[in-house]
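Student: Protein chains in written order, with UniProt numbering: chain U, 1 to 429; chain Z, 1 to 356; chain C, 1 to 301.
Errors might be hidden in some of the hints.
As the list claims (entries may be wrong) - Derived lysine-lysine pairs resembling DSBU-like cross-links, with alpha carbons at most 30 Å apart:
#1 Z/K186 / U/K247
#2 U/K225 / U/K410
#3 U/K190 / Z/K252
#4 U/K137 / U/K410
#5 Z/K178 / U/K292
#6 Z/K252 / U/K183
No wet-lab data here; the hints were simulated from the structure. A quick note: this is a predicted structure, and the numbers were derived from the prediction, not measured.
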Amino acid sequence: MAHRRTTRRALTALVGVAALSFTAACGGGGSNTSSSSGGSQQGADSRGPITFVTGKDNSGVWPPTIDKWNKAHPNEKVTLKEQSDNADQQHDDIVQHMQAKDASYDIVTVDVIWTPEFAAKGWLVPLEGKFALDTSKLLKAPVTAATYNGKLYAAPFASDGGMLYYRKDLVPNPPKTLDEMWKMCDIAKKNNMDCYAGQFAKYEGLTVNATEAINTFGGKVVDDKGKAAVDSPEARKGLQMLADHYKNGDIPKQGITYQEEQGRQSFEAGKLLFLRNWPYVYSLASTEASSKVKGKFAVAPLPGVSGPGASTLGGHSEAISVYSKHKATAFDFLKFIEEDAQQKFFMEKGSLAPVVEAIYSDPALVKKAPYLPTLLTSIQNAVPRPVTPFYPSVTKAIQDNSYAAMKGEKSVDQAVKDMQSAIQSASQG
Amino acid sequence: MSTTATQTAPPTRSRKRGPKSLNAGQGRRGVLLVTPTLILLAVVIMYPLVRAVIMSFQKDSGLDPATGMFSEGGFAGTQNYQHWLLQQCAAAGGTTQPCPPGTLGSQFYDALFVTLFFTVVTVFFEIGLGLWFATIMNRTFKGRGLVRAAILIPWAIPTAVTAKLWFFIFAYEGIANKLLGGVGIKPLLWTGDAWPARFAVIIADVWKTTPFMALLILAGLQLISSDVYEAAQIDGASKWQTFTRITLPLIKVPLMVAILFRTLDVLRIYDLPAILTNGGGGSGHATTTLSILVINQIRAGFNSASALSTLVFLLIAFVAFIFVRFLGADVVQRPPGKEAAKRRWFRRQPVAAEGE
Amino acid sequence: MSTQALPATTAAANTETHQYRHKSQRWQNARGYLGLALLIIWGLAPFYWMVVTAFRDVDYTFDTTPWPTHVTMQNFQAAFSTSTGNHFGRALVNSVIIGISTTTIAMLVGVFAAYALARLDFPGKFLILGAILGASMFPGVALVSPLFQLFSNIGWLNGANYQALIIPNISFVLPLTVYTLTAFFSEMPWELEESARMDGCTQGQAFRKIMLPLAAPGLFTTAILAFISSWNEYLLSQQFSTNITQPVTVAIAQFTGALPRQEPYTTVMAAGTIVTVPLIIMVLLFQRAIVSGLTAGGVKG
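Start from the sequences, fold in the hints, and give me the full structure.
Tutor: This is the structure in structure tokens:
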């Protein structure tokens with residue numbers, strides 16, 4: 001019995017510890033969200049060495065680029081800092097460093113979906129006045145995605161858009177509209193293949209694919225002011241299409257477990273007629289030893305209602321931290337990466353879609369990457385994902401509800417309503 | 001604080017017993033010996049914990065409609081806690097509404113259920129398998145070193161790699177479905193449907209952490225003198241009797257420590273479901289655990305996340321309480337005197353009596 | 001020596017004369033080996049799949065042939081290649097440094113605390129036990145932000161500041177270390193210590209010379225648990241490590257395919273294989289120590 005009594009004491013003690021923390025709580029205080037961007041002009045004219053932060057550099061485009069810069073600017077050397085390969089971790093890493101007001105992160109590479117959040121937190125230097133960036137040569141969609149509240153906050157570095165991979169041996173003329181594509185599913189059935197797959201597993205890829213469907217039918221997730229606007233007949237049509245074709249098997253049942261790589265695997269194994277995916281699949285499907293579709297596939301713009309569909313925009317931009325001590329150098333480096341020479345190099349070496357429109361018609365590059373004109377169409381028709389500082393909550397609302405709708409666990413009508421109120425609630429903070 | 005300290009003084013009974021009475025300075029020495037532990041824990045755990053509790057009473061920063069910039073939220077009272085516990089989400093005009101599906105708030109109770117479910121099922125399997133593995137590892141046979149190493153392999157692979165490995169195994173066109181196909185079972189949507197997704201997480205977790213359990217139990221088995229078993233054998237105790245009447249009571253303390261810590265671990269499980277299913281499955285969040293919810297919420301607003309972390313902390317403290325109070329995970333209060341040791345050592349008599 | 005560790009031991013040379021005993025012994029032997037086989041399959045099958053994948057040509061990543069096909073060493077080369085800025089070799093060394101430091105310090109600190117908790121009486125003992133247990137109740141994911149700011153303020157987040165990784169690791173393993181050791185210490189036959197003290201040893205000497213050797217299996221087990229948790233730690237390391245101090249878990253997470261969005265499964269599996277091997281060797285080296293204990297010790301009989 002003594003055991004029990006003493007046990008209780010140990011636990012009482014624990015509660016005591018918790019209570020102690022509580023008392024301390026009342027004495028302390030403080031918050032780590034910076035509400036002002038007062039630092040943005042600090043160091044505006046000063047030059048010196050800077051650190052350039054980017055997610056894992058898959059194809060090694062940065063070391064040569066930075067070397068080139070450093071040779072020309074020996075007093076304003078750029079140091080490369082690589083983060084992890086995982087987008088969420090890159091995001092969290094930037095958040096941590098910004099919250100700690102870390103001056104060692106001068107330029108940060110932001111995914112198109114993070115710009116509004118970081119801008120609204122006051123962490124990014126607006127590219128205006130002294131830092132005004134010439135965007136006339138750039139593609140429109142990436143610039144829009146880097147704009148928040150009418151101000152440009154980041155310099156687009158690489159873009160990305162979805163394309164329709166199709167089996168040209170089975171489908172001589174690629175579908176121009178969605179209706180055409182779904183009709184061609186008969187061809188898949190005849191050949192004992194699955195018809196269509198995108199990225200429908202529950203992760204960011206689902207947001208990409210679901211917003212593509214919504215935007216293609218003319219719907220919107222949020223309006224220009226960032227308010228929820230998804231509760232519309234157009235959005236319903238988009239989601240309904242996905243739900244219907246999942247139900248009837250045009251999208252195979254395992255389609256809801258596919259991320260980019262599983263879709264690519266299925267396509268390369270010759271089990272899939274149509275695949276929505278990013279440009280990277282092109283070179284792998286044409287060269288991988290295990291690919292059974294070498295020379296048998298081609299790309300087309302995503303089909304829409306009556307013409308090309310609305311691809312969701314991918315890609316990254318570069319932004320200057322308000323805590324940087326050498327903002328003038330940082331800005332010069334941004335201009336440097338927008339130059340044609342660098343943009344071409346990124347494409348050649350890393351297959352990164354350029355943000356400068358003219359490069360897409362460069363004959364040498366098109367020869368090497370025949371999908372470039374298609375990709376240009378895709379990006380020209382691309383819609384940025386919802387531009388909102390509450391992106392994490394918005395993408396969650398889209399993912400959970402469209403996943404449930406596709407699986408038939410709730411009606412499309414209900415899913416759209418829930419999506420609307422979840423997004424509304426999130427932006428009430 | 002001082003009151004709790006007095007309350008928790010150990011029973012005077014044990015103070016007078018044993019070798020302790022030989023030593024007058026042991027109070028000071030005891031405090032001295034535990035100080036390094038406490039300092040380390042204070043810096044790395046207590047400091048963030050206290051901070052989290054403070055933050056949990058602050059509102060998340062809200063968007064200032066005039067500037068489009070975030071501004072600090074100010075004091076929130078218990079609003080963040082109500083958000084989770086009472087499912088109150090913000091609505092227009094500063095009022096609240098029930099959390100709509102697809103918000104993090106709406107998934108609190110589901111996540112609680114999933115977390116508790118994972119905990120009960122994985123710990124249950126781990127105890128069973130752990131006991132079995134430990135018994136085998138305790139035997140003498142040729143190549144037992146290799147067997148022991150083999151058992152420990154799953155645990156030696158970093159969780160991040162394990163999760164990727166199982167993700168790969170459980171892919172629709174992966175090896176798991178292929179092997180199931182070999183015995184005539186239709187391929188499962190391991191990461192898509194609710195229950196397969198949950199069991200995918202459970203299988204991976206049990207596979208990974210059973211060695212931990214087995215190793216701790218093995219160390220407990222090692223403390224049992226072989227005399228005890230010899231005596232039981234002579235008395236004609238059956239194998240089952242030997243196990244329940246001798247082995248189990250003798251390894252109870254290390255076993256309970258293992259179970260307690262595994263329970264606390266699973267209650268905070270994050271990596272495996274995050275990488276394996278991204279919290280998905282079923283209608284979209286069938287494998288979302290409390291820790292996944294915490295990290296999603298950190299991205300959406302740190303202060304509400306702090307409230308959630310504090311709730312998780314209280315939940316786990318409650319579970320630990322139940323454990324210590326009712327299940328006798330009583331490592332903390334064993335009177336460390338001679339008597340206790342003796343009591344444990346010579347507990348075989350009743351077995352012998354029953355065996356006859 | 002430890003052959004009679006359990007009555008049901010498969011290989012126990014039990015020379016009972018009764019015929020039925022013989023029979024049941026053989027049956028038990030068979031069952032024992034079956035169990036053994038199951039156990040090895042359980043532990044090794046997924047690992048086997050990892051190794052098979054690790055040796056598979058990246059172009060055939062998704063091949064599901066259950067035996068090695070398209071065997072290549074290129075994934076291992078890719079893992080160690082520094083051409084894309086990976087430093088897996090250095091990360092391995094880092095993990096060893098961090099693991100050994102963490103284990104050593106945690107064991108030292110933990111043994112002190114556990115001894116005090118198991119053997120000494122002092123005010124606030126239960127408060128302390130509660131607090132130590134409480135330390136493993138807070139969701140680890142919520143520790144990152146406050147610690148990041150703390151470490152950032154004191155300048156630990158750049159260069160070769162290994163302590164930024166070691167100190168959190170120690171704190172993570174300490175609760176388990178202290179509890180495990182306390183459990184073992186309180187189960188040990190302390191009358192031996194007392195008799196040593198009667199013979200004129202101090203309490204400290206008695207502990208060092210008599211009790212510590214007896215506690216060896218418990219100590220080794222705990223040390224291995226501590227080392228492996230440190231070896232596996234990822235969440236905080238990923239935030240607190242620099243290019244110099246990066247441990248393997250973080251390095252593996254940074255492996256990428258040659259193209260964006262391509263997942264380098266085969267390289268990750270190769271790295272996983274490399275990371276697992278040192279631990280297997282360690283277990284093989286120490287397994288004798290893990291399993292010696294009382295059966296071999298001086299208390300027998």
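Student: Could you tell me which of the hints above the structure violates, numbers in ascending order?
Tutor: Violated: hints 3, 4 and 6.
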